[in-house]
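Asks: The primary structure of each chain is shown beneath.
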Amino acid sequence: MTTDAMASPVSKSRKGLMSRALSGTVLPVIVVVLGIIAIWYVAAISMNSTFQRSLDARAEATPSTVEFVVSTLNQERPVLPSPHQVAENLWDTVFNKKITSKRSLVYHAGVTLAPTLLGFLMGTGLGILLATIIVHVLSMEKSLMPWIITSQTIPILAIAPMVILVLDAVGIRGLLPKALISMYLSFFPVTVGMVKGLRSPDKMHLDLLRTYNSSTWQTFWKLRWPSSLPYLFTSMKVAIAISLIGAIVGELPTGAVAGLGARLLSGSYYGQTVLIWSALLMAAFCAAMLVALVGLAENWMRRRMGEKAEAGS
Amino acid sequence: MNEPSLKEPDVSEKSVIQIDDLSLIFETNDGPVHALSDIDLSIAEGEFVSLIGPSGCGKTTLLRVIADLERATAGSITVNGVSPEQARLNRAYGYVFQAAALYPWRTIDRNIALPLEIMGLSKEEQNSRIAKNLDLVNLTGFEKKFPWQLSGGMQQRASIARALAVEPDLLLMDEPFGALDEIVRDHLNEQLLKLWEKTNKTVVFVTHSIPEAVFLSTKIVVMSPRPGRVHDVIDCNLPRERTLDVRETPQFLEIAHRVREGLRAGHSYDD
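As given, the protein sequences belong to chains X and W, one line each in that order. Reading the first sequence from the start, the letters are residues 302 to 614 in the numbering used here. Reading the second sequence from the start, the letters are residues 75 to 345 in the numbering used here.
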């Protein structure tokens, strides 16, 4: 889900809707979406048919093929809900509920987005800081990098409950624990990207500053930092998407109070597959919007730095 | 204009660059490489000295040693009477690289401002130096353009303006026109000569073009490879005021011939 959501807005943010329609990229996208929906329907029919057959047998009904298909697509708790069921639920929970209501999906998305953004900002800051240290202190690459990589080999699902519980024990609840988990995931791509970015200036540019007797600090702000910005934005796109995952995972051990993670959890508790799928789609939509937002910031930065208009595409 | 020259009033008699018995050996995985071997060279104030030789003869390395971008492993060298490191810390020279090396995210005027910002000059001083040096290289009106909007020759002129903005007495140029086509190169050679006339700087110029070296220089240092050493030093006593037509004169051809002979004798044409 997230990978699909991440890939599409990157290209979307580049051009306006009209020019995309004219250059003919809208049609292929629509065809692909229709294709996915068609496959989804076929899968829903086949996956729900077993349960529908046993329902029919219990009711001693003998439905026609059309009746059978219609009922597989409209079960109350299907194995795989059909697209229109999910769409209906999404519409209902997004537009027909007050956004302060616990039944509103917008409310839950908001609950998840707050720690996502906070964690993303903290993770980006930490990533930049670590990369700066690694680039400037030679021994740090050898001593810090292994730990940074090790941190990402531990499954986040194992760490999240510990973080939540430990912080809960010292009285820290709500936004911050979830943001910390987001940070834990998102600092990594930023660190790796920025180490590469801060090292990207070529030798000639570095030599030039050496002939000016430039200080390390001046070299950082005047050369390394601006050179690293393209790398920063690329890694921030990855970071913000996994920040969202971090926030959702952080909501799971709290006993499903609020947030998209809570919706996923309560959906699976009560077999509300439609609820799970609409929460999933909402999460994908949020990730897409967040990545698109970073993309907009990137375009703004590129224009400010005088990049040729065509160089971006 | 510059502090080091103020400290030494007899600078006109002294050489700006004095190199004695200088060697540089790079330690590589394949063993030591003698990049420079027993170099003796003296460059006086106001001279235009070209270092010429085939690839691998150490001409760029020698320029980098003068600029303190490489360190010699033996021998002695002074720049403005002090060590190259001290000269670099004094910002005694301007260095022009093979490529323009402009920052793509800075407009032309901001690129020229770069060394001035690092030196901590006031905004007014920066602006007046930017205007003056852009005028010197005939780039007035291009202040707000980004480097990619300029041709290669204009970019290299901007990088020369950047080097001049530091107001050094010494200009070190490493094949600055090597990547440009011949027509642009001829034009820039003429402009560079006029600039040298106007500013009276000492120039050390690395090139692998014989006509370029003869046309520009007061002194040509012919270098030969493996190990990099000075093969011959040729005085180039053409009149100071030169136009491109000077290249048709017998005097010019004679000097060019001597340079070519020097390169041949130094095994520069060997395979």
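Hints should not be assumed to be uniformly reliable.
As the list claims (entries may be wrong) - Under the rule of at most 27 Å between Cα atoms (straight-line distance), these lysine-lysine pairs were calculated in the DSS-like manner:
id	chain 1	residue 1	chain 2	residue 2
1	W	Lys268	X	Lys523
2	W	Lys272	X	Lys523
3	W	Lys219	W	Lys206
4	W	Lys219	W	Lys293
5	X	Lys523	X	Lys538
6	W	Lys293	W	Lys268
7	W	Lys206	W	Lys218
8	W	Lys206	W	Lys272
9	W	Lys272	W	Lys197
10	X	Lys523	W	Lys197
11	X	Lys497	X	Lys523
12	X	Lys443	X	Lys398
13	X	Lys504	W	Lys219
14	X	Lys523	W	Lys293
15	W	Lys218	W	Lys293
What the hints assert, rightly or not - Chain W regions said to be covered by chain X (calculated; three or more residues, Cβ under 8 Å):
id	segment
16	165-177
17	208-216
To be verified - Take a look, some chain X residues computed to stay more than 10 Å from chain W by CB distance:
id	residue
18	Leu468
19	Leu510
20	Leu524
Hints listed in this document are in silico derivations from the structure and should not be mistaken for laboratory results. Every value quoted in this text rests on a predicted model; they were computed, and no experiment measured them. Heads up, the beta-carbon is just placed ideally off N, CA and C, and yes, glycines get one too.
Asks: Check each numbered hint against the structure and report the violated ones by number, ascending.
Replies: Of the numbered hints given earlier, those the structure breaks are 1, 2, 4, 12, 14, 15, 17, 19 and 20, listed in rising order.
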